[in-house]
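Chains as they are written, first to last, in the UniProt record's numbering: chain A, 1 to 96; chain B, 1 to 96; chain C, 1 to 96; chain D, 1 to 96.
Take every hint as true, because none was put in to throw you off.
Where chains are identical, the list cannot tell them apart; a pair therefore holds if satisfied intra-copy or between any two copies.
Only pairs whose alpha carbons sit at most 20 angstroms apart, straight line, appear in this in silico PhoX-like list of lysine-lysine:
1. K93 x K66
2. K89 x K61
3. K89 x K66
4. K33 x K61
5. K66 x K16
6. K33 x K66
7. K69 x K89
8. K61 x K93
9. K16 x K33
10. K73 x K89
The hints are simulated quantities; they were obtained by calculation from the structure and are not laboratory data.
What you are looking at is a predicted structure, and each value in this text was computed from that prediction instead of being measured.
Number of protein chains: 4
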Amino acid sequence: METARKKRWQDEQTVKQLVARLNRIEGQVRGIKRMIEEDAYCDDVLNQISSIQSALNGVAKLLLEKHMKSCVKDQLLDGDEQVIDEVLKTIFKMIR
Amino acid sequence: METARKKRWQDEQTVKQLVARLNRIEGQVRGIKRMIEEDAYCDDVLNQISSIQSALNGVAKLLLEKHMKSCVKDQLLDGDEQVIDEVLKTIFKMIR
Amino acid sequence: METARKKRWQDEQTVKQLVARLNRIEGQVRGIKRMIEEDAYCDDVLNQISSIQSALNGVAKLLLEKHMKSCVKDQLLDGDEQVIDEVLKTIFKMIR
Amino acid sequence: METARKKRWQDEQTVKQLVARLNRIEGQVRGIKRMIEEDAYCDDVLNQISSIQSALNGVAKLLLEKHMKSCVKDQLLDGDEQVIDEVLKTIFKMIR
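With the rest of the complex left out, here is chain A (with noise of 0.2 angstroms):
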């Protein structure tokens, strides 16, 4: 994806909200390694595993949002139908 193509989606108070989300997803991650080295009932750490990819979940939602808003839409606009075929790969990987 040549990067002349992409507009800057520069959005900052997304960006914030979005580098927030991730900090925290990197602090339980860290927890989760504290549990395991820590020995913990499997069963918890288990029930965070599910609770950071919730959160990851929600982080990607609210970026394809925002990219289907602003990179697919401009592209389409500018008769550049490639940009479909490329967000659907991504989308069928979000699905799995």
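Please arrange chains B, C and D on chain A, whose structure you already have, making use of the hints.
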């Protein structure tokens, strides 16, 4: 879940394996933060998140296996069937 | 979604493909009913359900592709951005 | 899995419940076929598929519960630990 009933599942090799994987995941989360701060193309960021989700899935599956083959089995053989409801609740979150 | 705004996406080949897949899925659902009525081993039934889930995922992905490349694209080019929120809501359910 | 080892989990009430749910799912699949043949708006069809996926998830969870509380538990108490690997393989498909 009183700790007394939970046998230590201390298996050095698995702990090392899990901690190594979680270190990588932690690094990936930091990598995504940088991508977002540097206004990377959303599609690339979304694909990174999918790869973290798969890596976390791998950790969860390894943990669930260890849990089923140690704590769940031991508590069942001790006559404590409540552990089935507990692990089902956790599995259902993983299935979503 | 007023029908007027929705262009017919009538593409005979895709309709045939989807209907054939759904016929197979319908048959699989009936198959599972029989397995349960005949007291089949649960593990075998659960694996059949997973295969139906994957088959349904395949149908959904094909439909989403057709939808993005026809209705979503056309409405965006008509200046109607509301279609993005609509399709995102649907995709988020697929991601769960 | 030799049938001899699998105790009948014949529980009339659960069988009735599962068959009723599967009848509804079968009807929903037929409904989607009709929608597609009648050129319904894709978004509506996609949402129907998501609701079938959730209904199937519900059937799978009920079955897994019954399985864990009968066959898996009985075989473990009989000293047959192979059942854990078998059910994990099935659960991992459900987690995808």
